[in-house]
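I would like the entire structure built from these sequences, with the hints used as guidance.
Here is how the chains run, residue by residue.
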Amino acid sequence: MDYDVLVIGSGISGMESAIKLGDMGYRVLMVEKEASIGGKMILLSKVFPTLDCASCISTPKMAAAIHHPKVTTMTYSEVETIRRVDGRFQAEIVKHPRFVDEAACTGCQQCETACTVSVPDQFNSDMVARHAAYIPFPQAVPKKAVLERAGTSPCTATCPAGVKAHGYVSLVRSGEYEKAFELVLQSTPLVGTLGRACFAPCESECSRGSLEGAVPIRRIKRFIADRHYQSKHSPGVILKAPKGQRIAIVGSGPAGITAAWHLARKGYPVTIFEAEAIAGGAPALTIPSYRLPSAVVAQDIDNLRQIGVDIRTGVRIDNVQTLSEQGFAAVLMAIGTTASVRLRVPGEDLEHVQSALAFLQAVKTGKRPSLLQMDVVVVGGGNVAIDSARSALRLGANSVRLVSLETRLDMPAFSWEIDEAVREGVELSNGWGIQSISEDGVELVRCTATLDAEGRFNPQYDPAVTQHVGGDRVIVAAGMKPDSESWQSEVMVKPNGRIMVDADTLKTSIPYVFATGDAVTGPSTIAEAAGAGVKAAAQIDEWLRKAPSRLSGEAKPPKVQRDAVLARQTHYAERLPVKADKALVFKPRDFAEIEPGLTEQEARYSSGRCLDCGVCSECQECIAACPADAIHLDRTDEHLATMVDSVILATGFKLFPADLKPQYGYGRYKNVITGMQMDRLLAPTRPYHTVLRPGDGKVPENIAYIMCTGSRDKTVGNPLCSKICCMYSNKQNQLIMGALPLADVSVYDIDMRTTGKGYEEFYLQTAEMGTNFVKGRVAEIVEKDDGNLIVRYEDIEHEGQIQESEHDLVVLAVGVQPNHDVERFFGPNLLGLDDYDYVNETDETMSPGKTNIPGVYVAGTAAGAKDIPESILHAGAAVAQAVAYIEGRRLHI
Amino acid sequence: MMPGRRDVREVIREEPLRRREIQTMLADGAKTIREISAQLGYPSEEILFWIMGMRKYGYVAEVPEVTEDGYYRYRNADREAF
Numbered sequence: 001m002d003y004d005v006l007v008i009g010s011g012i013s014g015m016e017s018a019i020k021l022g023d024m025g026y027r028v029l030m031v032e033k034e035a036s037i038g039g040k041m042i043l044l045s046k047v048f049p050t051l052d053c054a055s056c057i058s059t060p061k062m063a064a065a066i067h068h069p070k071v072t073t074m075t076y077s078e079v080e081t082i083r084r085v086d087g088r089f090q091a092e093i094v095k096h097p098r099f100v101d102e103a104a105c106t107g108c109q110q111c112e113t114a115c116t117v118s119v120p121d122q123f124n125s126d127m128v129a130r131h132a133a134y135i136p137f138p139q140a141v142p143k144k145a146v147l148e149r150a151g152t153s154p155c156t157a158t159c160p161a162g163v164k165a166h167g168y169v170s171l172v173r174s175g176e177y178e179k180a181f182e183l184v185l186q187s188t189p190l191v192g193t194l195g196r197a198c199f200a201p202c203e204s205e206c207s208r209g210s211l212e213g214a215v216p217i218r219r220i221k222r223f224i225a226d227r228h229y230q231s232k233h234s235p236g237v238i239l240k241a242p243k244g245q246r247i248a249i250v251g252s253g254p255a256g257i258t259a260a261w262h263l264a265r266k267g268y269p270v271t272i273f274e275a276e277a278i279a280g281g282a283p284a285l286t287i288p289s290y291r292l293p294s295a296v297v298a299q300d301i302d303n304l305r306q307i308g309v310d311i312r313t314g315v316r317i318d319n320v321q322t323l324s325e326q327g328f329a330a331v332l333m334a335i336g337t338t339a340s341v342r343l344r345v346p347g348e349d350l351e352h353v354q355s356a357l358a359f360l361q362a363v364k365t366g367k368r369p370s371l372l373q374m375d376v377v378v379v380g381g382g383n384v385a386i387d388s389a390r391s392a393l394r395l396g397a398n399s400v401r402l403v404s405l406e407t408r409l410d411m412p413a414f415s416w417e418i419d420e421a422v423r424e425g426v427e428l429s430n431g432w433g434i435q436s437i438s439e440d441g442v443e444l445v446r447c448t449a450t451l452d453a454e455g456r457f458n459p460q461y462d463p464a465v466t467q468h469v470g471g472d473r474v475i476v477a478a479g480m481k482p483d484s485e486s487w488q489s490e491v492m493v494k495p496n497g498r499i500m501v502d503a504d505t506l507k508t509s510i511p512y513v514f515a516t517g518d519a520v521t522g523p524s525t526i527a528e529a530a531g532a533g534v535k536a537a538a539q540i541d542e543w544l545r546k547a548p549s550r551l552s553g554e555a556k557p558p559k560v561q562r563d564a565v566l567a568r569q570t571h572y573a574e575r576l577p578v579k580a581d582k583a584l585v586f587k588p589r590d591f592a593e594i595e596p597g598l599t600e601q602e603a604r605y606s607s608g609r610c611l612d613c614g615v616c617s618e619c620q621e622c623i624a625a626c627p628a629d630a631i632h633l634d635r636t637d638e639h640l641a642t643m644v645d646s647v648i649l650a651t652g653f654k655l656f657p658a659d660l661k662p663q664y665g666y667g668r669y670k671n672v673i674t675g676m677q678m679d680r681l682l683a684p685t686r687p688y689h690t691v692l693r694p695g696d697g698k699v700p701e702n703i704a705y706i707m708c709t710g711s712r713d714k715t716v717g718n719p720l721c722s723k724i725c726c727m728y729s730n731k732q733n734q735l736i737m738g739a740l741p742l743a744d745v746s747v748y749d750i751d752m753r754t755t756g757k758g759y760e761e762f763y764l765q766t767a768e769m770g771t772n773f774v775k776g777r778v779a780e781i782v783e784k785d786d787g788n789l790i791v792r793y794e795d796i797e798h799e800g801q802i803q804e805s806e807h808d809l810v811v812l813a814v815g816v817q818p819n820h821d822v823e824r825f826f827g828p829n830l831l832g833l834d835d836y837d838y839v840n841e842t843d844e845t846m847s848p849g850k851t852n853i854p855g856v857y858v859a860g861t862a863a864g865a866k867d868i869p870e871s872i873l874h875a876g877a878a879v880a881q882a883v884a885y886i887e888g889r890r891l892h893i
Numbered sequence: 894m895m896p897g898r899r900d901v902r903e904v905i906r907e908e909p910l911r912r913r914e915i916q917t918m919l920a921d922g923a924k925t926i927r928e929i930s931a932q933l934g935y936p937s938e939e940i941l942f943w944i945m946g947m948r949k950y951g952y953v954a955e956v957p958e959v960t961e962d963g964y965y966r967y968r969n970a971d972r973e974a975f
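Chains as they are written, first to last, in our numbering: chain A, 1 to 893; chain B, 894 to 975.
Be aware that one or more of the hints could be misleading.
[Stated by the list, open to error] Residues from chain A shown here face chain B by an in silico Cβ test under 8 Å; the list is partial:
#1 Ser-118
#2 Val-128
#3 Ser-174
#4 Phe-457
#5 Leu-576
#6 Lys-579
#7 His-689
[Said to hold, decoys possible] The following label-pair restraints were derived from C-beta to C-beta distances:
#8 B:Arg-913 <-> A:Asp-837: 43 to 51 Å
#9 A:Lys-757 <-> B:Ala-920: 30 to 38 Å
#10 A:Ala-583 <-> B:Gly-922: 43 to 51 Å
#11 A:Arg-545 <-> B:Arg-913: 43 to 51 Å
#12 B:Gly-922 <-> A:Glu-806: 47 to 55 Å
#13 B:Arg-913 <-> A:His-689: 55 to 63 Å
[As the list claims (entries may be wrong)] Only part of the chain B face toward chain A is listed, based on derived beta-carbon distances under 10 Å:
#14 Arg-902
#15 Glu-908
#16 Gly-922
#17 Leu-933
#18 Lys-949
#19 Tyr-950
#20 Val-959
#21 Asp-962
#22 Tyr-965
#23 Arg-968
#24 Asn-969
#25 Ala-974
#26 Phe-975
Honestly, the hints are just simulated from the structure, not real lab data.
C-beta: ideal position from N, C-alpha, C; glycine also.
As structure tokens, this is what we get:
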């Protein structure tokens with residue numbers, strides 16, 4: 001849509017401009033970057049010199065602007081560029097998502113109350129916490145919630161299973177362990193399994209890893225699983241209304257189980273067919289108990305039974321047609337990779353040679369072979385080989401030698417698993433292939449390369465270099481593939497046994513048969529297989545309903561970058577990670593779990609190390625709390641362009657950052673605050689219940705004001721007077737004497753500038769009320785042990801003597817600075833600025849508000865320091881200029 | 894940056910972590926910021942951030958009377974921290 005005028009900024013100047021233009025019949029678009037209009041004025045306590053309530057003046061303006069029939073307001077939006085097109089202006093605007101449906105939100109704040117992430121409240125000058133879900137302030141217009149999301153947290157973004165890792169960490173931080181468990185359940189029922197056996201890519205991405213070490217996200221998940229299973233036996237999830245279409249899933253590994261979980265929760269009757277006697281796939285059958293006890297997997301599997309999934313073990317399905325005949329509307333093949341890849345070397349079929357999968361399954365299911373005093377050779381360099389080697393040690397082997405083609409650095413197994421295996425006594429022979437297997441060991445041949453020039457697996461050997469390694473038992477972990485031979489007559493299968501599917505829909509060559517997980521991709525991790533299960537469930541749901549599935553995955557903001565996260569703080573206190581303390585011993589002889597769980601104290605402490613990278617943790621508490629179902633995390637930025645005839649810049653000012661005067665100690669001393677912070681302490685919507693000093697909550701009794709902090713000060717590059725500091729300090733002095741009748745107030749100033757109507761009288765009244773005005777420039781402030789502050793100043797009225805006085809609270813009357821945001825709208829150097837970087841008024845005397853760009857005007861403090869009445873007056877001037885420009889142009893057209 | 898020796902963002906981020914600890918201590922009776930600080934061993938300015946955050950979201954409330962040395966005391970409110 002086209003507008004007559006674009007007003008950028010919705011402080012008092014912006015609102016005044018928009019309302020005036022709207023009253024004259026012009027169509028106005030007002031764009032505000034914050035989630036509420038109102039600018040700085042709405043945050044003030046009262047206004048000088050009348051001491052009228054700032055909110056009482058601002059809120060009618062805010063209401064008038066937002067409800068004006070000619071004014072369209074976009075909050076939480078930013079103008080990106082403005083360029084001239086055919087004599088008009090084209091503005092590119094980005095509307096950031098609130099993640100809240102504004103029409104549905106009632107402003108009840110229940111989302112904010114439920115939110116688990118605390119951040120500084122910028123609307124209270126960072127003096128108190130707000131939550132990531134928040135309503136900006138009580139008088140916000142519109143009074144709608146917003147979720148602060150800087151992006152998707154790296155831990156969550158990287159999880160192959162789609163687990164909201166940041167979410168459950170933040171819930172644990174809040175002590176909501178059961179809710180944390182339920183949040184993981186939203187992605188997969190394998191909470192305990194992943195808590196122990198996941199390779200935790202989330203931790204590799206953790207921003208805290210750049211400091212003292214990553215948050216132990218996986219072990220926190222184990223903590224919530226262990227805690228849940230100690231006391232509860234039901235997952236406690238809500239199922240959708242039953243649907244009629246039955247679904248068969250072949251295979252009960254992580255992919256099949258996770259798919260079954262999601263489909264059953266959507267109301268589908270699901271039957272899992274498992275060929276083995278125990279459900280669970282690799283976690284239940286082959287991952288050794290020292291890493292993943294069987295009972296943990298069984299508890300996870302029981303989650304499915306609790307929601308009605310029919311798991312039939314010991315039932316091998318070799319013919320999909322039989323399932324169709326039984327009335328299943330869809331079939332998912334999640335058969336995993338249960339067949340072993342053969343070495344194809346002489347001696348492979350000897351009696352003392354066994355595949356790793358068969359060996360590990362025997363061990364895990366209680367049929368443990370005795371390897372007492374035997375020398376064992378394990379062939380392979382992956383995680384299965386490592387599991388086999390470490391299991392062999394536990395079965396009493398005299399020695400275990402692991403032979404792999406790769407160098408140690410190139411072994412596919414996780415490096416920490418290799419390190420642990422070595423610490424337990426596994427010996428490595430890297431860079432060797434198997435030439436043959438004999439009764440007394442293996443013949444090795446030097447492997448010179450494992451990959452060819454194209455990066456494909458194609459090992460090369462030097463037959464001149466061989467070695468004999470003795471061994472009583474050989475365990476081969478040369479790879480895994482799907483056991484899909486019996487399916488080949490029905491669905492298309494690749495030569496390597498993997499089932500062929502459409503990459504998007506996961507459909508096989510039979511329309512109602514889907515396949516997913518390792519059976520399609522080859523061996524993967526538990527989390528990756530679980531993620532494949534989620535995708536399969538979504539595709540089956542879509543196919544059966546003939547409509548998009550919400551399981552398909554929500555649109556997510558991009559992953560937040562680690563540098564951006566770390567830049568939010570100036571410094572970090574050291575918070576060392578909890579040590580893993582795995583119980584590693586040389587030649588272990590039992591299958592006891594080697595990794596201890598976190599205690600509650602350790603879990604809370606560890607979750608407290610989380611940096612809240614994405615700000616919102618996606619813990620879903622706001623969604624659960626919202627009575628209007630107004631929260632939607634799948635929103636993204638909206639980009640739009642609009643044409644306007646004229647532009648009014650009402651972008652306001654910035655406050656001087658007080659830490660740039662280090663001699664005053666702001667940021668270092670607890671009881672040194674800024675004038676804006678004092679205004680918040682005095683406002684009805686203040687951060688505390690009364691005026692307190694931030695160091696210890698004491699009611700201050702002796703307050704000092706340091707004038708001209710960051711203004712009239714060439715040392716900080718701002719020689720200008722900020723015009724408002726004298727009067728807002730006087731205003732605050734009067735309000736303090738009302739709020740704290742016993743408090744003494746001293747003002748250290750060069751001189752008092754009272755240039756407006758009634759200002760001088762207001763100043764005199766302040767003095768009469770008891771404020772002690774001291775003519776003196778403050779050189780330094782020093783903090784005492786009790787938090788009081790020694791103000792050292794040059795006493796101008798007493799021949800410049802250096803004096804000291806003690807106060808329990810110091811307020812720095814900070815000045816104003818230009819807002820540089822305005823410079824980027826028009827491109828480099830197009831908008832004229834004055835010598836102090838405010839927007840330049842080319843003819844300030846005769847045409848106030850006029851800039852160097854015809855049709856572009858400036859209103860209020862974007863052009864220089866002004867008080868509120870001056871800002872309103874200036875906005876009127878800018879409006880008049882804009883209208884004259886528009887009408888003049890129309891006359892010429 | 895706000896007053897305080899640790900970064901404000903870091904202190905505030907820890908508030909959910911401290912709620913139960915503070916509420917457990919206040920179960921014995923209302924206390925000032927300084928008293929809570931002395932008992933829990935955290936700096937008083939950090940306690941103030943946590944108490945004011947907890948007050949905002951209904952976990953604690955102030956006792957109306959100020960002590961002789963100029964401090965308010967805080968007590969547990971209706972909402973219970975985990």
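Ascending list of hint numbers which this structure does not respect: Hint check: 4, 5, 6, 9, 12, 13, 16, 17, 23 and 24 fail, others pass.
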